[in-house]
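**Student:** From just these sequences and the hints, can you work out the full model?
As they're listed, the protein sequences go chains A and B. Take the first sequence: its letters are residues 1 to 117, numbered as in my numbering. Take the second sequence: its letters are residues 1 to 113, numbered as in my numbering.
Take these hints with a grain of salt, some might be off.
Residues of chain B placed beyond 10 Å of chain A at every Cβ, according to the derived structure [unchecked claim]:
{"no.": "1", "residue": "V13"}
{"no.": "2", "residue": "T24"}
{"no.": "3", "residue": "S28"}
{"no.": "4", "residue": "L47"}
{"no.": "5", "residue": "G54"}
{"no.": "6", "residue": "R76"}
{"no.": "7", "residue": "K79"}
{"no.": "8", "residue": "A105"}
In silico EDC-like pairs for lysine to aspartate or glutamate, Cα to Cα no more than 16 Å straight-line [claimed, not checked]:
{"no.": "9", "chain 1": "A", "residue 1": "K42", "chain 2": "B", "residue 2": "E5"}
{"no.": "10", "chain 1": "A", "residue 1": "K42", "chain 2": "B", "residue 2": "D39"}
{"no.": "11", "chain 1": "A", "residue 1": "K42", "chain 2": "A", "residue 2": "E105"}
{"no.": "12", "chain 1": "A", "residue 1": "K14", "chain 2": "A", "residue 2": "D88"}
{"no.": "13", "chain 1": "A", "residue 1": "K42", "chain 2": "B", "residue 2": "E3"}
{"no.": "14", "chain 1": "B", "residue 1": "K100", "chain 2": "A", "residue 2": "D27"}
{"no.": "15", "chain 1": "A", "residue 1": "K41", "chain 2": "B", "residue 2": "E15"}
{"no.": "16", "chain 1": "A", "residue 1": "K14", "chain 2": "A", "residue 2": "D27"}
{"no.": "17", "chain 1": "B", "residue 1": "K100", "chain 2": "A", "residue 2": "E105"}
{"no.": "18", "chain 1": "B", "residue 1": "K45", "chain 2": "B", "residue 2": "D82"}
Label-pair restraints from in silico Cβ distances [unchecked claim]:
{"no.": "19", "chain 1": "A", "residue 1": "T17", "chain 2": "B", "residue 2": "S52", "range": "45 to 55 Å"}
{"no.": "20", "chain 1": "B", "residue 1": "K45", "chain 2": "A", "residue 2": "K41", "range": "17 to 27 Å"}
{"no.": "21", "chain 1": "B", "residue 1": "K79", "chain 2": "A", "residue 2": "P110", "range": "20 to 30 Å"}
{"no.": "22", "chain 1": "A", "residue 1": "P8", "chain 2": "B", "residue 2": "L80", "range": "38 to 48 Å"}
{"no.": "23", "chain 1": "B", "residue 1": "S53", "chain 2": "A", "residue 2": "S18", "range": "46 to 56 Å"}
{"no.": "24", "chain 1": "A", "residue 1": "T115", "chain 2": "B", "residue 2": "K45", "range": "37 to 47 Å"}
{"no.": "25", "chain 1": "B", "residue 1": "L80", "chain 2": "A", "residue 2": "P110", "range": "18 to 28 Å"}
{"no.": "26", "chain 1": "A", "residue 1": "G16", "chain 2": "B", "residue 2": "G16", "range": "46 to 56 Å"}
{"no.": "27", "chain 1": "B", "residue 1": "R59", "chain 2": "A", "residue 2": "N70", "range": "36 to 46 Å"}
{"no.": "28", "chain 1": "A", "residue 1": "Q60", "chain 2": "B", "residue 2": "S81", "range": "30 to 40 Å"}
{"no.": "29", "chain 1": "B", "residue 1": "L74", "chain 2": "A", "residue 2": "H85", "range": "22 to 32 Å"}
Calculated directly from the structure, the hints in this document are not laboratory data. These numbers were taken from a predicted model, which means no experiment stands behind them. Each residue gets a CB set at the ideal place from its N, CA and C atoms; glycine is no exception.
Take a look at the letters that make up each chain.
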Amino acid sequence: GAVVSQHPSRVICKSGTSVKIECRSLDFQATTMFWYRQFPKKSLMLMATSNEGSKATYEQGVEKDKFLINHASLTLSTLTVTSAHPEDSSFYICSASRGLAGGHEQFFGPGTRLTVL
Amino acid sequence: RKEVEQDPGPFNVPEGATVAFNCTYSNSASQSFFWYRQDCRKEPKLLMSVYSSGNEDGRFTAQLNRASQYISLLIRDSKLSDSATYLCVVPPMTTDSWGKLQFGAGTQVVVTP
Numbered sequence: 001g002a003v004v005s006q007h008p009s010r011v012i013c014k015s016g017t018s019v020k021i022e023c024r025s026l027d028f029q030a031t032t033m034f035w036y037r038q039f040p041k042k043s044l045m046l047m048a049t050s051n052e053g054s055k056a057t058y059e060q061g062v063e064k065d066k067f068l069i070n071h072a073s074l075t076l077s078t079l080t081v082t083s084a085h086p087e088d089s090s091f092y093i094c095s096a097s098r099g100l101a102g103g104h105e106q107f108f109g110p111g112t113r114l115t116v117l
Numbered sequence: 001r002k003e004v005e006q007d008p009g010p011f012n013v014p015e016g017a018t019v020a021f022n023c024t025y026s027n028s029a030s031q032s033f034f035w036y037r038q039d040c041r042k043e044p045k046l047l048m049s050v051y052s053s054g055n056e057d058g059r060f061t062a063q064l065n066r067a068s069q070y071i072s073l074l075i076r077d078s079k080l081s082d083s084a085t086y087l088c089v090v091p092p093m094t095t096d097s098w099g100k101l102q103f104g105a106g107t108q109v110v111v112t113p
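**Tutor:** Here it is, written out as structure tokens:
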């Protein structure tokens, strides 16, 4: 149980295009989903916290108009990188939590590797 | 001082040997800790949780030293498949930061034949 999927797993796009990444909890309802970014040999950096039916909470330094997050249901959250540029190339990982009852345990998706040319 | 700090390594370990490494944390009020394992270009996967003095799961032992504010991970009888980056994770203590895990940069372990 507690499987999280991400789609696509890899995407290569031209500078200026927008890219949407989906994160789904397959066998549980995720009250909260988190979006992380990881650069090579660096730690995971939390970008935003997404709660179903409400606006996402962005971490300091993360542009909310650049990284659009939609959490339309208890099993789906999407991250859209708008007008992507080469510096947005990174490994984007989502995670999902079952809520307070599940404590701090988060289940991670397999990640999406974005390359912007 | 970073909230969570780890020795990046790499720790090169002969197969069958024991390796141990630490993670220091800055918030003395932290109550729970996690070790995640991350393989190259993959997502992190939970390895162990540490809520009191320590935890043991097979060849893996995690210990907590509250006085010195660090947790350690020890791997006995290392296998080639143990090669990975081990991430130390400390949950925040404030309710408005619920779920915002603090990740260390990771310690790379390379087990060699």
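**Student:** All hints, please: hold or fail.
**Tutor:** For each hint, the structure was consulted:
1. With 10 Å as the threshold on Cβ separation, the claim that V13(B) sits away from chain A holds: the shortest Cβ distance comes to roughly 19 Å.
2. Separation of T24(B) from chain A is adequate, the least Cβ-Cβ distance of about 14 Å exceeding the 10 Å criterion.
3. Listed as a non-interface residue, S28(B) keeps its Cβ farther than 10 Å from every Cβ of chain A; the least gap is roughly 18 Å.
4. Here L47(B) stays apart from chain A, with its beta-carbon at least about 12 Å from theirs, past the 10 Å limit.
5. Non-interface status of G54(B) relative to chain A is upheld: no Cβ of that chain comes within 10 Å, the nearest being about 18 Å off.
6. The claim that R76(B) is not at the interface with chain A holds, since no C-beta of that chain comes within 10 Å of its own (minimum 25 Å).
7. Every Cβ of chain A is farther than 10 Å from the Cβ of K79(B); the closest lies at roughly 23 Å, confirming the non-interface assignment.
8. For A105(B), the non-interface assignment is contradicted: its Cβ lies about 4 Å from the closest Cβ of chain A, within the 10 Å cut-off.
9. Restraint check for K42(A) and E5(B): the C-alpha separation of about 12 Å stays at or below 16 Å, so the hint holds.
10. In summary, the hint linking K42(A) to D39(B) is supported, as the alpha carbons are separated by about 13 Å, within the 16 Å threshold.
11. Under the criterion of a C-alpha separation no larger than 16 Å, the hint pairing K42(A) with E105(A) is inconsistent with the structure, at around 21 Å.
12. For the hint linking K14(A) to D88(A), the alpha-carbon distance of about 11 Å falls within 16 Å, and the restraint holds.
13. Proposed proximity of K42(A) and E3(B) is supported: the alpha carbons are some 15 Å apart, at most 16 Å.
14. Pair hint K100(B) plus D27(A) does not hold up; C-alpha atoms about 22 Å apart against a cutoff of 16 Å.
15. Taking the CA atoms of K41(A) and E15(B), the gap is about 24 Å. The hint is violated against a cut of 16 Å.
16. About 34 Å separates the Cα atoms of K14(A) and D27(A), which puts this hinted pair outside 16 Å; it is violated.
17. Between the alpha carbons of K100(B) and E105(A) the distance comes to roughly 11 Å, so the proposed pair stays at or under 16 Å and holds.
18. Proximity of K45(B) to D82(B) is assessed by CA-CA distance (about 13 Å); at most 16 Å being required, the pair is judged to hold.
19. For the pair T17(A) and S52(B), the beta carbons lie near 50 Å from each other, so the given range of 45 to 55 Å is met.
20. Against the hinted window of 17 to 27 Å, the Cβ-Cβ separation of K45(B) and K41(A) comes to about 19 Å, which satisfies the hint.
21. Take K79(B) and P110(A): their Cβ atoms lie about 23 Å apart, and the range 20 to 30 Å holds.
22. At roughly 31 Å, the beta carbons of P8(A) and L80(B) sit outside the given window of 38 to 48 Å.
23. Judged by the Cβ atoms, the range 46 to 56 Å given for S53(B) and S18(A) holds: they are separated by roughly 49 Å.
24. About 24 Å separates the C-beta atoms of T115(A) and K45(B), a value inconsistent with the hinted range of 37 to 47 Å.
25. Look at L80(B) against P110(A): about 22 Å separates their beta carbons, and that is inside 18 to 28 Å.
26. The given range of 46 to 56 Å is respected by G16(A) and G16(B), whose C-beta atoms sit roughly 53 Å from each other.
27. Separated by about 42 Å at the C-beta atoms, R59(B) and N70(A) satisfy the suggested range of 36 to 46 Å.
28. In this structure, Q60(A) and S81(B) meet the distance hint of 30 to 40 Å, their C-beta atoms being roughly 38 Å apart.
29. Taking the beta carbon of each, L74(B) and H85(A) are about 43 Å apart, not inside 22 to 32 Å as hinted.
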